Amino acid sequence: MLNLITRRLFFALLALFATSVIVFAATEVLPGDVAQAILGQEATPELLKSLRQELGLNRSPVERYFSWLGGFVTGDLGHSLASKADVLQTIKPRLANTLALAAYAAIVAVPLSVLLGIICAAYPNRLIDRIFSVVSVFIVSIPEFVVGLLLVSVFAVQLRWFPAVVVRLNWSEPLSLLVQLMLPMLTLLCTIVAHTVRMTRAALLDVLSMPYIEMALLKGMSRWRIILRHGLPNAIGPIASVVALNLGYLVSGVALVEVVFAYPGLGRLMVDSISYRDLPLIQATAMIMCLMFIIFNLIADILAVLFKPRGASVR
Amino acid sequence: MTSSIQSTGTHGAGRNVPLLPAIGLTVVALVVLGAIFAPLLVSNQPADLVDSAYAPPGSTLLGTDVLGRDLFSRLLFGARLTLLVAFGSTTIGFALGCLWGLAAAELGGWFDDLTDWIVNIVLAFPPLMLGLLLVSALAPSLAILIGALAAIQLPRVVRVARAIGQNVSSLQFVEVARARGEGLFSVLYREILPNILRPLAAEYGLRVTYATLFISGLSFLGLGIQPPDADWGGLVRENMSAMQIGSMLPVLAPACAIGVFAVAMNLVIDWIDESTFERQMSND
Amino acid sequence: MTKPLLEVRRLTIEAFQPETGWRKVVHDVSFDVFPGEVVALIGESGGGKTTIGLTALGYVRPGMRLAGGKVLFNGENILSFSQERLRLFRGASVAYVAQSASAALNPSITIGNQISEGIVQHGLMSAADAKRRTLELLKALSLPDPPHLAMRYPQETSGGQQQRVMTAMSLSCGPRLLVLDEPTTALDVTTQMQVLKTIKDALKEFDASAIYVSHDLAVVSQIATRILVLRNGRIVEAGDTFDVLERPSHEYTRALRAAVRKLPHVEDLPQQRTVARSEPSVSVKNVRATYDNPSIFRRGPAPADVLHGVSLDVYPGEVLAVVGESGSGKSTLARVIAGLHSAREGKVLFRGQAVSSRASRRSKECLKSVQIVFQSPEQALNPRATVAQAIGRPLAFYFGMSRSDRRRRVEELLEMVGIPPEYADKYPKEMSGGERQRVAIARALAAEPSVIICDEFLSALDTIVAAQIVDLMKSLRDRLGTAYIFISHDLATVADIADRVAVMQHGRVVELAAIGEVFGARRHQYTAELIRSVPEMRLGWLESALSGVAGT
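If you read the sequences in order, they're chains A, B and C.
Quick note on this note's numbering: the first sequence kicks off at 315 and runs consecutively.
Quick note on this note's numbering: the second sequence kicks off at -7 and runs consecutively.
Quick note on this note's numbering: the third sequence kicks off at 3 and runs consecutively.
Derived from the structure by calculation, the hints contain no laboratory data.
Keep in mind that a hint or two might mislead.
[To be verified] Below, a sample of chain C positions facing chain B; criterion: calculated Cβ distance under 8 Å: (1) Phe376; (2) Gln381; (3) Leu383.
[To be verified] Short derived list, chain B residues pointing at chain C, Cβ under 8 Å: (4) Pro10; (5) Pro13; (6) Phe165; (7) Arg170; (8) Gly175; (9) Glu183.
Because the structure is a prediction, the values reported are computed rather than measured.
We treat Cβ as the ideally placed atom computed from N, Cα and C, and that holds for glycine.
Whenever a hint applies, use it, and build me the whole structure from the sequences.
Set out below in structure tokens:
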């Protein structure tokens, strides 16, 4: 088992390395002439020359990659091209905001969706299950920015219960912060609850179709004892791993939701820096979001391994 | 009396009327037809200014957009772009991914191991991030968007095709064909493919839906289809300012178009996926 | 006269099938179980045996429903019990032992907790007392070191132990009746005998009656006091074990009885090979094979070999049987010969010529000379191809036959294996398991091979059907002179068809000799054990066979 976990760790490190190559290549190699790409139509020979100097573009890509990677590892993320501000300092508060929203959504979503999943699996094809399965198809299909806009149009524009945009987080008053973040949180909630419930239900139903469940029934165990004691422990692995994957989504896929609510998070920072062609910021935000995604993926994999029934064959 | 006999059985007698998939199929067909025949269905060109900005429905079916262009016309032409990217990228990514994944499942050995490695590493990259990086690196033209989306879909298709292929390739009739000396393509084409059409079809639908949402999201961020053209996501972006004057239609119409199409696709997929290969085999 | 413990009256059950809707699978079945009895339900698979057995626990599987009848336990109809009453009844009054213990034991609960759980949940004892009782039960079922075993998980024990654990679990609440669903079928022959004996003793010790569901007349004859023969969901014969075995009245029972193969007398078997010794059609030289070859992508210790230097020859026209228990490597050997699995070391030779270890690199001439037929009738044929397409493919592939020639030849081949030619346009799902295996044989014959590898291809078939196919294989061999590599765990069938036998254990050939020698006096100790474990259809065989084991 330990062997398997080291294997996963190794893969995560490898993925991280690959990520850095992809991020670097996508920002500094793919566009061809980087300086031209950044300046676009404003390019004059002088400006191009000074930008090339600033970015060190006269060196070979491999050389630049390793010095960039070295800087990244030591915490030197460079300076923003647009504002000249230190990238690390720019990113820190944005990261905190993104994590705050993700944590808020996760704390509500995870218990709720696991519970709903168990209930749906306990009464398969009964009314509650059918209602949820139809509802979840709808929620899963609608992109999160559309969900966000719908919520805004109802709760912010029509009812005026919650603010439509979150420009600055009100850290000093936690309670009003919860209200402030309500709409972005609900938007994220919709996307991950539907997915997690479906997967929890499927994982548990899969286990509940095993012969040992029939055996437990024929031993005279009650319905809930069968589900909670005989079924759930064998489904924990897949459920935990789905939850971790969704948390990974919460920190890496939120750009759209952040843009809808003008939320000062990492995702919006990246989108903005892409439109301004602010290379160091793009690289840093992309790397940090990938890092978090990879960590949650790793947690998902490790949970799946750890919760495999003891001694059951693992590959 | 039967009710006293309790079971925790998982599969009931199956869903009854496939009403929902029928609705889904109809909606998908209407959207596709609407996109194809868009030029015949609209009275105003999508780029023409026909009225004041955000004019309510009346002279035009859905009113006008931020610049006073016919919203209905833009919606239909937007469908063309959205569907072109979605179906185009999925078809490319799907064809390559299936071939790769199935070949890996059938050949096994180092090729399979290598595939597993590559797929695992690429899937560790958040897809939205990959899309953003690719379009930020290369100017977002239609061809590049299609190519980038195909590349993002590819590893997922490889993984699924490999898993589906593995289920079948260990079955005994496939072994018999292999022992007969049949080549890779003959085994894939004759023995494996006919038995996995259903799950593959479901996967294709899933990927088209995913691509639709993805391109809509990119365009919504302003990084997909570029103005003056607009797909559905781009239309939502263009008309966001309508919400400030309390007019929801210009935003909700394209937003709902995305949602309705995706819901319809998922209803169809759910129905296709219901009888998977495994069940087919065990019912034999 | 004593009152019956269980009375089943006019029981009718329907099953749902997507094509046909609700269809009766159990018709109007009535029988009694008296205290102290072991009633066997015997019949072919799909005959409704398990379905009937489960109604004794008030349970009908999902996809089936009760269509009529009563099941009385101590005079009360359990089918009208409330849910809660039923829950308290199950496990406490009637308990179930499932066919596959490895699947029916929960992998995430310790053995001890799985057994004591029932006692506590039925409110019979405190947790501490239940634990003590659990250890007693494990001891009673002759399991080693109960305190240690109770703390382990099911998958950490052997198949035979798992089956005993499940029997202990079923006895935990002191039920009056056990429903035993083929409890020894999934086990190896040598283990089967011992588990059967343990169950028999436990039933006596705990004073429980039983319904014993089985397809194996020989096994049933060792444990049952009464036998009910089922066919297509109806009872066709019922009577005391001795009467049913010795004086079967129904034709189906007689067929079942005749299909039980007895080990032959040694003197009836050929002592020397009758086939002329010529150049072998297929030879295997010192083959070693392993699964999961490590590569640069998959590190870790090199997995152990499944085959440790196996060598054997197959001569033209002979039947070489390869016998051994599961895990002995016999199927891997078949795969190596067929070119489906690469040997790590050693060679495979066809007519003296070394051939590639992979089928795709062999010449057509050499591919066509060896064909393989597998175990499972469900997987034997591509569900999307008609019979004509399945058999036609080798004809086109090896001989390049035209469509009309193929059709003619397909019909000839079908006739050869006893299938009407109009089956050519059928799909596999329209045929029975036996018919599908016949088609698979025809497909192999289409290549006009000199050797056919039969990998356990009878094990999933009902005894009567299997017996018919053995007869077919014999007549084909006589007609066509094809050699067979007959891989099987069933010694009685092997004795009927084979010229020579290779006995495999732990990846080695421990004995390779003419059939008469193997079944005669000179034999390897393991062979002797295998032979002794073949159930015989006579009362008292179990005890005498086991005393034989004790003697060695």
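Comparing the hints with the structure gives:
Nearest Cβ of chain B to the Cβ of phenylalanine 376/C: about 4 Å, under the 8 Å cut. The hint holds. This hint holds: glutamine 381/C has a C-beta 4 Å from the nearest C-beta of chain B, less than the 8 Å allowed. Checking leucine 383/C against chain B by beta carbon gives a least distance of about 6 Å; that is within 8 Å, so the hint holds. The interface hint given for proline 10/B is broken, as the beta carbon of that residue sits about 14 Å from the closest beta carbon of chain C, more than 8 Å.
A least Cβ separation of about 17 Å between proline 13/B and chain C goes past the 8 Å threshold, and the interface hint is therefore violated. Look at phenylalanine 165/B: its Cβ gets to within about 5 Å of chain C, closer than 8 Å, so that hint holds up. Contact between arginine 170/B and chain C, as hinted, is supported at the beta carbon level, the nearest pair being about 6 Å apart and thus within 8 Å. Evaluation of the glycine 175/B hint against chain C yields a held restraint, the C-beta minimum of about 6 Å falling below 8 Å.
Given hint, glutamate 183/B at the interface with chain C, holds; its Cβ is 6 Å from that chain's nearest Cβ, closer than 8 Å.
Hints 4, 5 from the earlier list are contradicted by this structure; the remaining hints agree with it.
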